[in-house]
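Asker: Next come the chains, spelled out residue by residue.
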Amino acid sequence: MTTIATKSMATHAKERRTRFDSKALLALPGLLFMTVAFAVPVILLIIESFAGPQGPTLDGYRKVLADNYYVGIIWNSIKLALITTIATLLIGYPAAFALARARGVLQVVLFALIFLPLTVSIIVKTFGISIMMGRGGIINWLLINLGFIERPMRLVFTEFNLYFGMINVFLPFMILPLYSSMRMLDTRLADAAASLGAGPLYAFTRVTLPLTMPGVIAGVSLVFSITVASYVTPSLLIGDRFMTMSQVMAKAYLNIRDFQLGASMAVVMLVIASIIVVAASYLARAPKEGR
Amino acid sequence: MKSGPGRAEPADTQSKAERHLEVAGVTKRFGSTVVLQDLSIAVGSSEFVSLLGPSGCGKTTLLRLIAGLLVPELGTISVGGRDLTRVAAHRRNIGVVFQNYALFPHLTVAENVAFGLKAQRVAKPEIEQRVREALALVRMESFGDRSVLALSGGQQQRIAVARAIVVKPSLLLLDEPFSALDRKLRETMQIELRHLLRELGITSIFVTHDQDEALVMSDRIAVMNEGRIEHLASPSEVYSRPRTLYVMEFVGQSTRIAGRVAASDRGTIAVDTPYGQISAAGSFAPNTNVVVGVRPEAILSGENADAGFNTIRAKLFDVVYFGPKTNLLFEAKAPADHLLMEIARLPQALTAGRDVALRWRIEDTMVFPAP
Numbered sequence: 051m052t053t054i055a056t057k058s059m060a061t062h063a064k065e066r067r068t069r070f071d072s073k074a075l076l077a078l079p080g081l082l083f084m085t086v087a088f089a090v091p092v093i094l095l096i097i098e099s100f101a102g103p104q105g106p107t108l109d110g111y112r113k114v115l116a117d118n119y120y121v122g123i124i125w126n127s128i129k130l131a132l133i134t135t136i137a138t139l140l141i142g143y144p145a146a147f148a149l150a151r152a153r154g155v156l157q158v159v160l161f162a163l164i165f166l167p168l169t170v171s172i173i174v175k176t177f178g179i180s181i182m183m184g185r186g187g188i189i190n191w192l193l194i195n196l197g198f199i200e201r202p203m204r205l206v207f208t209e210f211n212l213y214f215g216m217i218n219v220f221l222p223f224m225i226l227p228l229y230s231s232m233r234m235l236d237t238r239l240a241d242a243a244a245s246l247g248a249g250p251l252y253a254f255t256r257v258t259l260p261l262t263m264p265g266v267i268a269g270v271s272l273v274f275s276i277t278v279a280s281y282v283t284p285s286l287l288i289g290d291r292f293m294t295m296s297q298v299m300a301k302a303y304l305n306i307r308d309f310q311l312g313a314s315m316a317v318v319m320l321v322i323a324s325i326i327v328v329a330a331s332y333l334a335r336a337p338k339e340g341r
Numbered sequence: 002m003k004s005g006p007g008r009a010e011p012a013d014t015q016s017k018a019e020r021h022l023e024v025a026g027v028t029k030r031f032g033s034t035v036v037l038q039d040l041s042i043a044v045g046s047s048e049f050v051s052l053l054g055p056s057g058c059g060k061t062t063l064l065r066l067i068a069g070l071l072v073p074e075l076g077t078i079s080v081g082g083r084d085l086t087r088v089a090a091h092r093r094n095i096g097v098v099f100q101n102y103a104l105f106p107h108l109t110v111a112e113n114v115a116f117g118l119k120a121q122r123v124a125k126p127e128i129e130q131r132v133r134e135a136l137a138l139v140r141m142e143s144f145g146d147r148s149v150l151a152l153s154g155g156q157q158q159r160i161a162v163a164r165a166i167v168v169k170p171s172l173l174l175l176d177e178p179f180s181a182l183d184r185k186l187r188e189t190m191q192i193e194l195r196h197l198l199r200e201l202g203i204t205s206i207f208v209t210h211d212q213d214e215a216l217v218m219s220d221r222i223a224v225m226n227e228g229r230i231e232h233l234a235s236p237s238e239v240y241s242r243p244r245t246l247y248v249m250e251f252v253g254q255s256t257r258i259a260g261r262v263a264a265s266d267r268g269t270i271a272v273d274t275p276y277g278q279i280s281a282a283g284s285f286a287p288n289t290n291v292v293v294g295v296r297p298e299a300i301l302s303g304e305n306a307d308a309g310f311n312t313i314r315a316k317l318f319d320v321v322y323f324g325p326k327t328n329l330l331f332e333a334k335a336p337a338d339h340l341l342m343e344i345a346r347l348p349q350a351l352t353a354g355r356d357v358a359l360r361w362r363i364e365d366t367m368v369f370p371a372p
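Residue numbers (the working numbering), protein chains in the order written: chain X, 51 to 341; chain A, 2 to 372.
The reader is advised that the hints may include incorrect statements.
Unchecked claim - Sample of chain A residues at the chain X side, in silico, Cβ under 8 Å:
| # | residue |
| --- | --- |
| 1 | Thr-86 |
| 2 | Ala-90 |
| 3 | Ile-95 |
| 4 | Ala-103 |
| 5 | Ile-203 |
| 6 | Ala-333 |
| 7 | His-339 |
Rather than coming from a laboratory, the hints here were simulated on the basis of the structure.
Since this is a predicted model, take the numbers as computed values, not measurements.
Glycine residues also receive a C-beta, built at the ideal position from the N, C-alpha and C atoms.
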């Protein structure tokens, strides 16, 4: 019995492996495109980051990783990405849950509210936020009329303005993967947990959260890797007061023409984003392997 | 517990043990749709009661109300004398076996069974012991470390039952637990579950749309229709003395003939039908439109002068062979009529097109007001 089972399983696995090979061909066009559009430029970038006037050098990295000015900028980018990721996760998780449970007209309305902003250009959105945050803008008007402040306060080009805008722009990117993992969640699992005496908090931490973890991990790696590299939104919302890695790179390439500085910064950013994505994917996979 | 012919005894004459679960005057609406209308049912301790009805009759809603997953607009639900109407589901100690089992896919078999005990903060050594015992009860001891995703349908069902009973619920609710199983396995599991629940003495409410399942498993059956209980009685009572035409049609097969009362005398009536006059026990006034019903296995073929029998004539038009039984269908003279008899073996003389005399005992004749 056991031998038969093992044998048939082995044959099955073999069949699956051969079948998988032919299906892997379907990834070929995408693979080719990514090789040309992503791998080749990245390799060139890495080469450039080491290229000095007299052969290979670590000068670029020495500058980026030892100079307090640049370290501060790297930290700015990481802080910006972390705060945006955590805030969008905290706001996006319940929103995604509501979206997944909503039915009919309510679902359409919620969908529109969350995803319509995606169709609006980031530039339009960030300018809109600047208008709202201006001295004559609605936020100052509200604060004055509610009696919190006497004279309009400066909001434009502050960190508050920056985070407000970042969360606004990147929230849909968090909600989307969360939503799809919640859609697949069987609502009766929560009922089953309750019928077994689990209170709402226990049921959430032991059932809902672990089962939606793939969505959390996908959302976190997506939002972190795009916010750590974000350029347009921070430039428009806070400008030079809060330099990010992307702004340094842009300046290095476009203004001061220090290509090695730009390339080194780019590689550092790539490494940070890769660490987050790889760590997240590992976390996503680990519980399944444990079983 | 057994109620009189066709009548359930009023709840207040039952003793306390016989009212372990008491649902009183419950009304539930979804929007403007009334799903349950002033529904009451009392279930005795250790009793197994089925809620039987077609989809949309409100049986699953009633189950969810009892479980605390829904709250009624009106009425009360109590278990063991404690009013649970407004108590949250997780504080009710009512076990549920869900239709597709709702096992936690990220947990092993043993972790699934232990879930309720952990949630209720039972001590660890006790959890291990009780999980082992529960798995032994459903004969799944060696599966503790498996993923629930690797189990067959029957095994998943056993784990769902083990998970629900390990917390010692005061009441067990089962929502169509066999619907995902194939026929052969379903029959085995029905008997197995019935034995297990009887052994443990757990009061159980079982939702099904499958009449055979309800007949096999239950101490009593509540036949539901459009948010009401039409008949609550033992399986044999529901089958042989259905209280309404709906119950007769829903539970088992039946021969149904529409007619008009010709004469009524001291509890006996004579009904004129296109197939001949039929006598039955009943107290309908003359000229009332009625439907006469007979269970197909109560019908015999061939003339007999015996006064205790009704005899009609009908033309055989189809013979349906089922193996252990054969169904004979006869030509109906009115569209709502249905003439069916069931025999063990088909006599050679009976072929389609033949005019056949059908007879059955007068006491097997059921009469209902025409719809």
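Asker: Are the hints correct? Go through all of them and say.
Answerer: Evaluated hints:
1. Thr-86: With a minimum Cβ separation of about 16 Å from chain X (threshold 8 Å), the hint on Thr-86/A is violated.
2. Ala-90: Constraint on Ala-90/A satisfied, holds at 4 Å.
3. Ile-95: Hint holds; Ile-95/A Cβ to chain X Cβ min 6 Å, cut 8 Å.
4. Ala-103: holds (4 Å)
5. Ile-203: Since chain X brings no Cβ nearer than about 14 Å to Ile-203/A, farther than 8 Å, the hint is violated.
6. Ala-333: violated (44 Å)
7. His-339: Since chain X brings no Cβ nearer than about 38 Å to His-339/A, farther than 8 Å, the hint is violated.
Comparing the model with each earlier hint shows violations of hints 1, 5, 6 and 7; every other hint is respected.
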